[in-house]
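Asker: Below, each chain spelled out in residue letters.
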Amino acid sequence: MSEYNFAYLDEQTKRMIRRAILKGLAIPGYQVPFASREMPMPYGWGTGGVQVSAAVLTPEDRFKVIDQGADDTTNAVSIRTFFERTAGVETTTKTTDATVIQTRHRIPEEALTEGQVLVYQVPIPEPLRFLEPRESETRKMHALEEYGLMHVKLYEDISRHGHIATSYAYPVKVEGRYVMDPSPIPKFDNPKLGEMAAIQLFGAGREQRIHALPPYTQVVSLDFEDHPFEATKADHPCGMCGALDSYLDEVITDDAGGRMFVCSDTDYCEGRQAAGFVGEMNHQRAFSVQPLLETEA
Amino acid sequence: MTPLLSVQGITKRYGAHIGCADVSFDLYPGEVMGIVGESGSGKSTLLNCMAGHLEPDAGKVVFDTRANGPKDTVTMSEPERRMLSRTDWAFVHQHARDGLRMGVSAGGNVGERLMAVGERHYGNIRDKATDWLERVEIDAARVDDRPVTFSGGMQQRLQIARNLVTGPRLVFMDEPTGGLDVSVQARLLDLLRGLVRDMGLSAIIVTHDLAVVRLLADRLMVMKSGHVVEAGLTDQVLDDPQHAYSQLLVSSVLQV
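Residue numbers (my numbering), protein chains in the order written: chain A, 1033 to 1329; chain B, 16 to 271.
Please keep in mind that the hints were generated in silico from the structure rather than gathered at the bench.
None of the values given here were measured: they were computed from a predicted structure.
For every residue, glycine included, the Cβ atom is placed at its ideal position computed from N, Cα and C.
Be careful, since some hints might not be right.
[Stated by the list, open to error] Below 20 Å or equal to it, Euclidean Cα-Cα: the simulated DMTMM-like pairs (lysine to aspartate or glutamate) are:
1) B/LYS143 to A/ASP1255
2) B/LYS143 to A/ASP1189
3) A/LYS1172 to B/ASP142
4) A/LYS1205 to B/GLU134
5) A/LYS1185 to B/ASP142
6) A/LYS1172 to B/GLU95
7) B/LYS143 to A/ASP1258
8) B/LYS143 to A/GLU1257
9) A/LYS1172 to B/GLU93
10) A/LYS1185 to A/GLU1262
[Claimed, not checked] Just the calculated beta-carbon pair ranges, DEER-fashion:
11) B/MET214 to A/GLU1142: 56 to 66 Å
12) B/ARG28 to A/ARG1050: 46 to 56 Å
13) A/ASP1281 to B/ASP87: 55 to 65 Å
14) B/THR90 to A/ALA1175: 12 to 22 Å
15) A/GLU1164 to B/ARG28: 29 to 39 Å
16) A/GLU1169 to B/THR90: 18 to 28 Å
17) B/ASP154 to A/GLN1250: 36 to 46 Å
18) B/VAL132 to A/GLU1169: 14 to 24 Å
Generate the whole structure from the sequences, applying the supplied hints.
Answerer: Okay, structure coming up:
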């Protein structure tokens, strides 16, 4: 690890990124341009989030990475290992123990507290991107608060599906001013964005934008008066821990139509199981490797 | 009576080349002004200067705003001008695809201006959109179809509906019938004339089709090389052209 500067990036780069972060915090929801660096991983793997994490990490931090809520998926494991090697910071999978959490597509179930920083990996920071192709025009629309077009997207949803079918990357209005794309988190997580105690930072590496929400910011999901916003999830309890209030992944368990719903937040699910909560399908041990070991023996 | 739009000495140059030079006229509420001339005579430049799409090098475009009375739209702040262009103004492009969002349904296209001025009730937006589709003779059942599935004439009518839904007072039209076949042109003109009369709209129509101005316009300006060479009542100019170019223009129309 001694070959690298602390947290991989050089000090000047981190300084530049911190300035962008501070500006983002000062203007909640505004997309601050920054000079995104080449990172030793491809675009789309979280280069924006990694740069923001590198800029905010200190040697005393405890770092957690989640990908779709899980601590053990490829993206999460590789980024966690990256910072173990280049920064030598302590890592954890426990949401409550972590001081910096980098996330892709989820907000942890457990309420975050003051002093924690949540770093999002953002693929496309511009909420108006697929509605107005000209970047010069979208910037003007943000500047002049012309957000009628955002509702055209929701209108199209209702006219086609009978309800607002946008289920992730659901646009929000920050402090009554900027419309922001909260990265592809499920809209189930949208209510957690507002009035959160932790600092939320959004980094988009390929698009070279950083935006941020300071603690206790007002965040409102856009909707129509007669089609109000609704945070949705699969209507099941978790198969492993029985939780009714957490966001669920659907997992196919065999080729005969078998499936189960499990918490996408692995730390939350394991915590509940350790506390004695048992879901309906927990006895089946769907992913057990036991039979294989027995045949070998 | 205050003119709705007062254009004073509008000049636009493209380098050494003149786009339009020193154009002045007043447009009163409910009046339709036609601007004719050959290609490259500065008609579209003038229209774009008036509609705020181009910044003129000199001159004023004074619009009688609802809130504050006559105001120069050239020196007005951009947010104000953009607000005008989606409430009191409308702009009908020659090619419907320039004025429509092709990836958004017909209803969404009509509803966009409503949502842009703060309408947030889906049911109301949809009702108004359906109503407007019917007013421009598009089957209400096609409210969820995208404009790409529409014919050229329907796209043009949809563009008009989309522009008129917020009840503008002034409509800029750039060759609204260009590229349509004659029978569709006739229907569109008929529709436009009805809407202009019913809603008491003022309009500025740029075209090179004299039949269009004969039908729609109260007054006419003839442009040549960036200058207005003749102006007056439509019938007067068309029946008794004074300037040599106007005479040429009128005599060039093929008689069937």
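Asker: Each hint should be assessed against the structure and marked as holding or not.
Answerer: Comparing the hints with the structure gives:
For the proposed pair B/LYS143 and A/ASP1255, the alpha carbon gap of about 19 Å is at most 20 Å, so the pair holds. Between B/LYS143 and A/ASP1189 the alpha-carbon distance is near 18 Å, which keeps this suggested pair within the 20 Å criterion. Proposed proximity of A/LYS1172 and B/ASP142 is contradicted: the alpha carbons are some 30 Å apart, above 20 Å. For the suggested pair A/LYS1205 and B/GLU134, the alpha carbons sit about 16 Å apart, so the restraint of at most 20 Å is met.
With a CA separation close to 18 Å, the supplied pair A/LYS1185 and B/ASP142 stays within the 20 Å bound. As the CA atoms of A/LYS1172 and B/GLU95 are separated by approximately 13 Å, the hinted pair is consistent with the 20 Å bound. A C-alpha spacing of about 15 Å is found between B/LYS143 and A/ASP1258, which places the hinted pair at or below 20 Å, so the restraint holds. A threshold of 20 Å between alpha carbons decides the hint, and for B/LYS143 with A/GLU1257 the separation of about 16 Å falls inside it, so the pair holds.
Among the hinted pairs, A/LYS1172 with B/GLU93 is consistent with the structure: their alpha-carbon atoms are about 10 Å apart, no more than 20 Å. Distance restraint check for A/LYS1185 and A/GLU1262: the Cα-Cα separation of roughly 16 Å lies within the 20 Å cut-off, and the hinted pair is therefore satisfied. Checked against the given bound of 56 to 66 Å, the beta carbons of B/MET214 and A/GLU1142, roughly 58 Å apart, stay inside it. A hinted range of 46 to 56 Å holds for the C-beta pair B/ARG28 and A/ARG1050, which are about 48 Å apart.
The hinted range of 55 to 65 Å is satisfied by A/ASP1281 and B/ASP87, whose Cβ atoms lie roughly 60 Å apart. The hinted window of 12 to 22 Å between B/THR90 and A/ALA1175 holds, with their beta carbons roughly 19 Å apart. Evaluation of the 29 to 39 Å hint for A/GLU1164 and B/ARG28 yields a pass: the beta carbon distance comes to about 31 Å. Restraint check, A/GLU1169 to B/THR90: a C-beta distance of roughly 23 Å satisfies the suggested window 18 to 28 Å.
At about 44 Å, the CB distance of B/ASP154 to A/GLN1250 agrees with the hint of 36 to 46 Å. Between B/VAL132 and A/GLU1169, the C-beta spacing of about 18 Å keeps the proposed range 14 to 24 Å intact.
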